[in-house]
Every structure is written in C-alpha cells, then in structure tokens.
Amino acid sequence: MLLLGLAVVVSRYPDVRGRKPFIALLALCSVYSFSAAAKLLAPPAVEYVLVWLELPFGVAVAVVFFVFASAYTGRDWHRTRAFTVSETITMPLLGAILVTNPFHNYLWTEISWSTAVFPHYVHSDFQPLFLVCILGSYLLAMTGIYMLLKLHVQTRYNTTSQLLVMFGGLLPFLVNIVSILDVAPIPGLDYTPFGLAAFGALTTMAISEDLFEIVPVARDTAVEQSSEGMIILDTNRCVHDYNQSASHYFPQLPLYEERPIDDLLHEHDLPFDAVDQTQTQITIDRRSTCHLELQISPIRDGPHHLGWTVNVTDVTELQRRQQHLEVVSRVLRHNISNRITVITGHTDVLADHVDADGQHHLEAVTENVNSIVETSEKVRLIQRIVADTDGKSTMHLSNVLEDLVRRQRDVHPEATISLDCPEDVWVNASWGLEAAIANLIENAIIHNPSDTPWVEVSVTLDDRVRVAVADNGPGIPATEQRILENGLTETPLEHSSGVGLWLVYRFVEQSGDDLTFGQSRRDGSTVSFTLERGEPPR
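Numbering (UniProt numbering), first residue to last: 1 to 538.
Treat the hints as calculated values from the structure; they're not laboratory data. Note that the structure is predicted; figures quoted are calculated from it, not measured. Every residue, glycine too, gets a C-beta built ideally from N, C-alpha and C. Among these hints, one or two may not hold up.
Pair by pair, the computed Cβ-Cβ distance ranges are [unchecked claim]:
1. S393 x E326: 55 to 63 Å
2. A42 x A274: 49 to 57 Å
3. V411 x I336: 16 to 24 Å
4. A274 x L41: 49 to 57 Å
5. E414 x D276: 43 to 51 Å
6. V411 x Q277: 37 to 45 Å
7. T316 x R409: 45 to 53 Å
8. P43 x T80: 42 to 50 Å
9. D462 x V31: 53 to 61 Å
With the hints as constraints, model all of the structure from the sequences given.
What follows is the structure, encoded as structure tokens:
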C-alpha cells in the first residue's frame, strides 16, 4: 500500500525527466508485494499462478529501474537502439518461453508443493536459462545503481534523495539473491517483499528530500567542462550546483549551497525569466574591480520550468579596452573638430582673396572637410552601437520610418523618397535602428550621380519584419560589399559610404540578421535586413 500511495503522490509532480518510469517502478513493486502476500493466503491454484509469474515480475522491475536511472541522470541509455531492440525482442520471447516451459523445462523442471516449515509452491531445479534471466536483471539493476552513484560522486549539491533511491533499489535484489539461494532462516520463503518494503520507506524519505525538484544536470558535459563559470539554480533560485570557474569568481559560493543566489548577490537585481534568456552585468570587488557578465537561461523539460543556469563570463578586460577606446575616440573627435574649425575659418578668409580658379580648390577643401566630419559622426555612432548594453526595446517601426522619411525629404528636396510600410508595425531592435536606415537613405542620395535621385523604403511582413532601401544609383561597389563579408581586417574602408555600410552591418549584427544586397527595380541597388517582430505595449 505504501508503494502504491507513493506512485499516486509522484504522479502529481510536474512531468520532469524520470518521473514516469519511477511511477511505473513503484507500481510494479507494489504489485509484486501484493503478489507475495497473496501467495500466503490464496488458494493453491492461485498461488501456483503467482509463483509462475515471479520471474517476469522480477525482470520487469529491473528493466524499469534501469530506465528510471537512465532518464533521471540524463544519460538516456534507455533510448539507444540496442536497448530498445533487445527489450522488444527479449520480453515477448521470455513470455513465450515461460508459457511453454512445461513442454521444454528451459527455466525450471517443475513447480512442486513443499511442506517445509509451511505448505507452499516452489520452483524445482533452476535451469541455465533461468539463471541467465536473473543475472541479466541484476546487471540492469547494477547499471542503474552505477548511474545514480556516479551522479552523486560528480555533483556538489545535496544528493541525499538519489542515494536513498539507490540503496533502496539495491535492497530488493540483495534479498532476492538470498531467496533464490535458499539460505534464509525460513526455507522457501520469498524475502523480496521485505526488500521492497525497505525500498518504499527509503523512497518516501527521498521524495521528502526533493527528488523531483530539479532534474540532475550531466556534469560531464554541461557544467565541469564549461570554460566559463556556471551555476545551476532550482525554481526557488537556490544554488544546486556550480563548477570550479564559478567558485573562482565567487569564493563564498560553497557557503551558499541550497540557499537563494540573491543572498550571495544581494547588491544586484538579477533578471530572472522562466521562458526567455536574460543578461546583465555586475561589478564585484576582489583584489581589484572585476566586471562579470551573467547570462541567465531557464532550464525546461517540455512545458515545465525546472530552474536556471547562470553562465558567468569575465568581461573586465573587454570593459577596460572599451573605456580606452572611448577615451581615444573622444580625444580624436575633439582634435578633429578643433582642426576642422581652424581649416573652415581659413577657407572662409581665403574665399575673399582667391580668383575663380582658386574657388574650385576651396570648394574641394570644403567638400573633404565635410566628409571628414560626416565620417567622424558615423564612427561615433558605430562605437555607440557596439558599446550598447541596453539590448533591444520594442519600437513602433511605422512611426519611426514616417518621421525619418519626412526629415530626409526636407534635407534632400532634390530626391524622391517614398515609403511603403503597413500601419502599426512593431519591432524589437536597439536604438541604432534610425541611424542605420538614415545612412542607407543618405548614401543612396549623396552617391547617386542622377539629377533626380530616387529612394524607396519598404517594409514586408512575415515571421520577421524585412526593411529594404532601394535606389536608382550606380550600385554598391563589390569591394565594399566584401567589407561586410570579410571584416575590416581584410579590406579597408575607402570613403564615408563604406563607413555607413559598416554602421548598418553593426546594427544588423546586434538587432537583426540576414543583411542582403540586391538589384532594385530601377537598376540600382537594394539593401535589406530583417528584424524581430515586436508586440505593442498594453
């Protein structure tokens, strides 16, 4: 009754890995125990049948125990083709041999009536095939116990529940050996139900120790071999496991096992989500200031949330390099701005002292000065996009594009700029969205030799949102397209349009994907990229 009651209790747990075979195991053990008790009270004819069924019940218990251990520890050995095929063939074959045993006696010679100590039926003269079945069952059981034992050895968090199930599963097989060898104080008595009773008691304790609160993680691959720090949390955000790298970043981590991680990082507000991955950066003080990036991912088994993994990456050097680059960039832009101001002042003065031929040279100087200013501003935007850690936000794309196109029409009245965008389109993107599209429009106009530049901004909807900017210009040089394929290290940016394309590339890399180049319907170029669809705020 205890085992059957436990099966009912476990059936109410979330459908986590290992739960279903564990319910089947408890149910089988319960039936086996009822059968053993019935043999002492049932009429001889019923007892004869129950003795006949002892072998298949024992084999089934071993098989289901193996399946439970394999599923629970995440090894999935029970899903291998070899195991599936062998069990598909073996179990029906065993049933056929059992039914026909009176004709061939491959398992035992007979089931005889014994009056030793008390009247009961017993198997007589076990045959080699019977011993093969028993040894195969013991091998499966020992393999399951090995999996649970290895989980205990490799895991830092509290594995009391697994140990209880492991020792509980071992007891029925040990007492079964005693019964088969008939070396017990009362000959002929099947002691296996006593082992099952102990299994039930230990299983009760295991469930009270949160056996199914979190599915064990395969440390061999998921935790210890990770080069980054990794912490495993349960649904209550309590620390269940971690690797050596994590304890290097947080030396006090061993003191917080089975405690909420918020107690360890109480100065930081960590973003937890049961569905989506989240990311944040924290700063800790050890011998020196250390910047850590935490990537928090939910652990799910089907529809059920089981906990989180926290990946810890040291980004201190990255932060320092970024700060140095920001300082250099600010100084460089400041110096460029000052020099440009000086150059512009001198050209303004020279304008009144040169002839018509000289004016041509002054215009060339002014044009190049403006190009330097434009390129400097684009580089600043690229730097800001790269350094942006705020992530994506939901934007009303329709409104953004309408405002942007209206401003571009005012700046470039000589160009025809059209917009084809459905109403009420929302996307998830970083703040660089407007700068990226503005650069595409400006490049399409400025580098177009036509007297009537034409630009079309269009939006199409599918699983994602595709934004395209088409023109009637000469097209984007292949060398600049290769910049975005090979990176800056292989092909230098030749002018500001290349920098503008690189700005678009960095934005798409951060906010979208699938940046493509093509030919427009007016024999110009088309640049397009996709963005994630967003939900309007409520």
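For the hint 42 to 50 Å, verify it against the beta carbon of P43 and that of T80. 44 Å, holds
Would you say the C-beta atoms of D462 and V31 sit inside 53 to 61 Å of each other? 55 Å, holds
Does 49 to 57 Å hold as the CB distance between A274 and L41, or does it fail? Holds: the Cβ-Cβ distance is about 51 Å, inside 49 to 57 Å.
Hint check for E326 and S393 - Cβ pair distance inside 55 to 63 Å: 22 Å, violated
Has the hinted range 45 to 53 Å been met by the Cβ atoms of T316 and R409? The hint (45 to 53 Å, Cβ to Cβ) holds, given that T316 and R409 are roughly 47 Å apart.
Quick one: are E414 and D276 within 43 to 51 Å, going by C-beta? 46 Å, holds
Could you check the hint for me, namely that A42 and A274 are 49 to 57 Å apart, CB to CB? Once the Cβ atoms are compared, 52 Å apart, the range 49 to 57 Å for A274 and A42 holds.
If you check the beta carbons of V411 and Q277, does the distance land in 37 to 45 Å? This hint holds: roughly 40 Å between Cβ atoms.
Satisfaction of the hinted span 16 to 24 Å by the C-beta atoms belonging to V411 and I336: 23 Å, holds
Consistency with the previously given hints fails for number 1 only.
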